[in-house]
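K.L.:
What follows is the residue order along each chain.
There are 2 protein chains.
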Amino acid sequence: MIGAGNVSSHLAKAFDKTGKNIIQIFGRKTNYARSLAESVSSGFITNLSKLTTEADLYIVSVPDNILTEVLEKINIQNKLIVHTSGTVEMKVLQKTSENYGVFYPLQTFTKTKNVDFKNIPVCIEANNKINLDLLDELAKSISENVKHVNSEQRVTLHIAAVFACNFSNYLYTIADEILEKHDLSFDLIKPLIQETAEKIQTHKPIKAQTGPAIREDYQTIEAHLKTLSKFPEFKDIYEILSKKIINHKKKK
Amino acid sequence: MIGAGNVSSHLAKAFDKTGKNIIQIFGRKTNYARSLAESVSSGFITNLSKLTTEADLYIVSVPDNILTEVLEKINIQNKLIVHTSGTVEMKVLQKTSENYGVFYPLQTFTKTKNVDFKNIPVCIEANNKINLDLLDELAKSISENVKHVNSEQRVTLHIAAVFACNFSNYLYTIADEILEKHDLSFDLIKPLIQETAEKIQTHKPIKAQTGPAIREDYQTIEAHLKTLSKFPEFKDIYEILSKKIINHKKKK
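Heads up: the protein sequence lines correspond to chains B and U, in order. Using this note's numbering, the letters of the first sequence correspond one by one to residues 1 to 252. Using this note's numbering, the letters of the second sequence correspond one by one to residues 1 to 252.
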């Protein structure tokens, strides 16, 4: 496992549970690498020159912007190597080995929260059928939701995930800050957040849309914008998203 | 029940379940009023001049922008009247009756999806202690989560709800459209949406933030913006929300 961050940690633990033998963890920070290595009973290194050549598979799970730099330091004699990025094209790996692929789990990972891999879509891609079959088998050992996805589809999935997950979570943060400033508990809107996410499991999101914008209730929107003048950094987000919802409705 | 839309329908059914006697439904559209009336075994009217004077409580659940107009047509001789709006001040009711209040269930309601009121926060307010006690008792008959909230706090709650629910749902819609255009199923990101909403039940949202923006991964952001040039109507939302997340992080 090359990388000791969120994705790598959750993957390593999931593989460890299914009895896979994790030989070595590489992490740039000693404490991250050691802590993950301890939890899956593997060795660890903080320098890629010490990378084992004994592994059957190398999983590179590092931020996209250092991936190329990390790959340049890897010497694995054509062993199978994959990255876990949602956005980086598979072919960046072709300089590192003749056998390569992608192993992208479509989920949001936080160190302090366990996830059950069973339902997580794992999107795989490989340079040939043999490697694809290997990754397919590996992915199926942790997930019941394995998809073969090419690099172009994968970036689309990642963008959709950024909207639906990262940006939604930021909207929760805004709600939290607004409530906190008024001494109201964020707990009050937790059932609402839960229901909103549950509703789209069975309803197309556009059919589940509620609120002042979709009703074109300009009076409420104006009242909200007035209150939001205390929060100029959030007011423009309220304005742009309300406008988009109204325009979206008119376009249909 | 004055109104036969989403909020009114869900409330009427919840009250009916607890054995409350719903005498009359008013709806501007005959089919909506009749259908709701049938499901709770009540009468219905489509003209407010026929409003019963026999009820103990009148619940006005209509869009904010027609509330004043509806109230002007109501003649109930100082019976207790409440509205269910998140944003309208309680005192708009004082011309209609000497006994008034607010009964605001903080949830997103869709006609085709049942909700369990038990965990829904019901925010109440009243013009005096007697009426507040009456509303408190009524609210507690359907919910275990009853809060006394004044008009100013209520609009804050409503704004937070718009961000966390209405806007998040719109982001799900964007994800859905992007995936659809690329022949990818929205089902693929449903586990992610579920996990994102679940995570904040136990984690402060800012601590749960993941994705390219919070990592300041400009390379991925650029790659996404390039792909999003096919979706100009969504590209600016990606840009503004990414910037806000990056600035938010720097501010802390």
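Think of the hints as simulated: they come from the structure by calculation, not from any bench. Treat the hints loosely; a few may be bogus.
Repeated chains share a single entry, so a pair holds when one copy, or any two copies, can fit it.
[Said to hold, decoys possible] Straight-line Cα separation of at most 30 Å, DSS-like style, residue types lysine-lysine; simulated pairs: (1) K50 with K251; (2) K207 with K17; (3) K235 with K140; (4) K250 with K181; (5) K50 with K95; (6) K17 with K181; (7) K204 with K29; (8) K113 with K244; (9) K244 with K50; (10) K226 with K95; (11) K249 with K190.
K.L.:
Any hints from earlier that this structure breaks? Give me their numbers in increasing order, please.
P.N.:
Of the numbered hints, 1, 3, 6, 9 do not hold.
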